[in-house]
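Trainee: One-letter residues, chain by chain:
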Amino acid sequence: MSTEKTNPVKKVSIICSKGTIEDVYAALVMGNGAVMEGIECNLFFTFFGLEAIMKKRMDKLHTGVVGNPAMRLPGGSRMPTWLGVIPGMEAMVSSMMKSQMDKLDVPPVSEFIELFVAGGGNLYACKLAADMFKVTKEDLSEHVKGIITVGEFYEHAGGEGAHIIFT
Amino acid sequence: MAQKTYAGIAVDVNDEGYFTNPSQWTKEIAMEIAKEEGVVLTEKHFLVLNYLRDRFARGEALSIRGINKSGIVEVKDFYQMFPGAPLKKSTKIAGIPKPESCV
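Quick mapping for you: the protein sequence lines, in order, are chains V and R. Letter by letter, the first sequence follows residues 1 to 167 in the numbering used here. Letter by letter, the second sequence follows residues 1 to 103 in the numbering used here.
Accuracy of the hints is not assured; some may be wrong.
Unchecked claim - In silico DSS-like links for lysine-lysine, alpha-carbon gap of 30 angstroms or less:
| # | chain 1 | residue 1 | chain 2 | residue 2 |
| --- | --- | --- | --- | --- |
| 1 | V | K60 | R | K76 |
| 2 | R | K89 | V | K103 |
| 3 | V | K137 | R | K76 |
| 4 | R | K69 | V | K145 |
| 5 | V | K11 | R | K35 |
| 6 | V | K103 | R | K69 |
| 7 | V | K56 | V | K127 |
| 8 | V | K55 | R | K76 |
| 9 | V | K18 | R | K76 |
| 10 | V | K55 | V | K145 |
| 11 | V | K55 | V | K18 |
| 12 | V | K55 | V | K103 |
| 13 | V | K5 | R | K76 |
Stated by the list, open to error - Not close to chain R: a few residues of chain V, all C-beta gaps over 10 angstroms, as computed:
| # | residue |
| --- | --- |
| 14 | E4 |
| 15 | K5 |
| 16 | K11 |
| 17 | I21 |
| 18 | T63 |
| 19 | V65 |
| 20 | S99 |
| 21 | F133 |
| 22 | K134 |
| 23 | V135 |
| 24 | L140 |
| 25 | E160 |
| 26 | H163 |
If you are wondering where the hints come from, they were derived from the structure by calculation, not from laboratory data. Predicted, not measured: the structure shown is a model, and the values here were computed from it. Glycine is no exception: its CB is placed at the ideal position from the N, C-alpha and C atoms.
Input sequences plus hints: build the corresponding full structure.
Mentor: So this is what it looks like as structure tokens:
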């Protein structure tokens, strides 16, 4: 039997350290995909990733338009960095990203988190980052199970067939 | 193409056991697949299965989000009704192909 069958992924702990639309969605898609497959999942938000679990900010994430050489204009040509500094460009690109995702039935962050938690997924915030950004439990989504240290994160991450992913 | 016999009827399935011809599905067949998957079907399960079959017949993509918005079942209950991998398990029991959605 192949090792994929004999050693399946049973648990995954995903660390989301960035707060752009694409970084947060990458973590949420991976996490929600895990619970959909019956894989136990922890999502741990640190540094700018905290934006994704802050009640007032989670649905207002942006995509960075400066210094991203993979950013393309509609039509496919590369977006020059200088174009990104035009006022309103970041907001426009971000709203385009969101509308494209909505068309693919990808939910807004708050709804995505609800689906993930309903599927049995766990959300945690990083204590160090929360202290640094002066973020308290009240700022966070009610679905966040706790603000935990890195040591506690590793305790939650353990188990047979358990993996850790940093994004 | 492989065949499998449920409730005395031979049906066409792919190598993962998903139906390739949803019209061969019956309630009795569903109950036997469910037994294989360790699920005991209730009335509510059939509401969900029929919803999935309807959506598939209309050519609409299946997603967890769609199920949540369907008004048929809440996602939390959906996970409990088809424990493990809910969307895969439910589509298998519903006699439709495995969904290809990532969300």
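Trainee: Each hint should be assessed against the structure and marked as holding or not.
Mentor: Going down the list of hints, with the structure as the test:
This hinted pair checks out: K60/V and K76/R have alpha carbons roughly 26 angstroms apart, not beyond 30 angstroms. Between the alpha carbons of K89/R and K103/V the distance comes to roughly 25 angstroms, so the proposed pair stays at or under 30 angstroms and holds. A hinted pair counts as satisfied when its Cα atoms are at most 30 angstroms apart, and K137/V with K76/R qualifies at roughly 24 angstroms. At most 30 angstroms may separate the alpha-carbon atoms for a hinted pair to count; K69/R and K145/V meet this at roughly 25 angstroms.
At most 30 angstroms may separate the alpha-carbon atoms for a hinted pair to count; K11/V and K35/R meet this at roughly 26 angstroms. A hinted pair counts as satisfied when its Cα atoms are at most 30 angstroms apart, and K103/V with K69/R qualifies at roughly 15 angstroms. Of the pairs offered as hints, the one joining K56/V and K127/V holds, with about 19 angstroms between alpha carbons and a cut-off of 30 angstroms not exceeded. Proximity of K55/V to K76/R is assessed by CA-CA distance (about 21 angstroms); at most 30 angstroms being required, the pair is judged to hold.
At roughly 28 angstroms between alpha-carbon atoms, K18/V and K76/R fall within 30 angstroms of each other, so this suggested pair holds. The suggested pairing of K55/V with K145/V holds, with an alpha-carbon distance near 14 angstroms, which does not exceed 30 angstroms. Among the hinted pairs, K55/V with K18/V is consistent with the structure: their alpha-carbon atoms are about 16 angstroms apart, no more than 30 angstroms. This hinted pair checks out: K55/V and K103/V have alpha carbons roughly 24 angstroms apart, not beyond 30 angstroms.
Distance hint between K5/V and K76/R is fulfilled; the C-alpha atoms sit about 28 angstroms from each other, no more than 30 angstroms. No Cβ of chain R comes within 10 angstroms of the Cβ of E4/V; the nearest lies about 14 angstroms off, and the non-interface call holds. Under the 10 angstroms C-beta cut-off, the non-interface status given to K5/V relative to chain R holds; the minimum distance is some 13 angstroms. Distance check for K11/V against chain R: the nearest CB is about 14 angstroms away, which clears 10 angstroms, and the non-interface claim stands.
Non-interface status of I21/V relative to chain R is upheld: no Cβ of that chain comes within 10 angstroms, the nearest being about 15 angstroms off. For T63/V, the shortest C-beta to C-beta distance to chain R comes to about 18 angstroms, beyond the 10 angstroms cut-off, and the non-interface label holds. The Cβ of V65/V lies farther than 10 angstroms from every Cβ of chain R, with a closest approach of about 25 angstroms, so its non-interface assignment holds. Every Cβ of chain R is farther than 10 angstroms from the Cβ of S99/V; the closest lies at roughly 16 angstroms, confirming the non-interface assignment.
Non-interface call for F133/V relative to chain R: holds, since the shortest CB-CB distance, roughly 29 angstroms, exceeds 10 angstroms. No beta-carbon of chain R comes within 10 angstroms of the beta-carbon of K134/V; the shortest separation is about 33 angstroms. Distance to chain R confirms V135/V as a non-interface residue, since its nearest Cβ pair spans about 27 angstroms, more than 10 angstroms. With a closest Cβ-Cβ approach of about 21 angstroms to chain R, L140/V is found to remain outside the 10 angstroms limit, as its non-interface label requires.
The beta carbon of E160/V is kept farther than 10 angstroms from every beta carbon of chain R, the shortest such distance being approximately 17 angstroms. For H163/V, the requirement that its beta carbon stay farther than 10 angstroms from each beta carbon of chain R is met, with the minimum near 17 angstroms.
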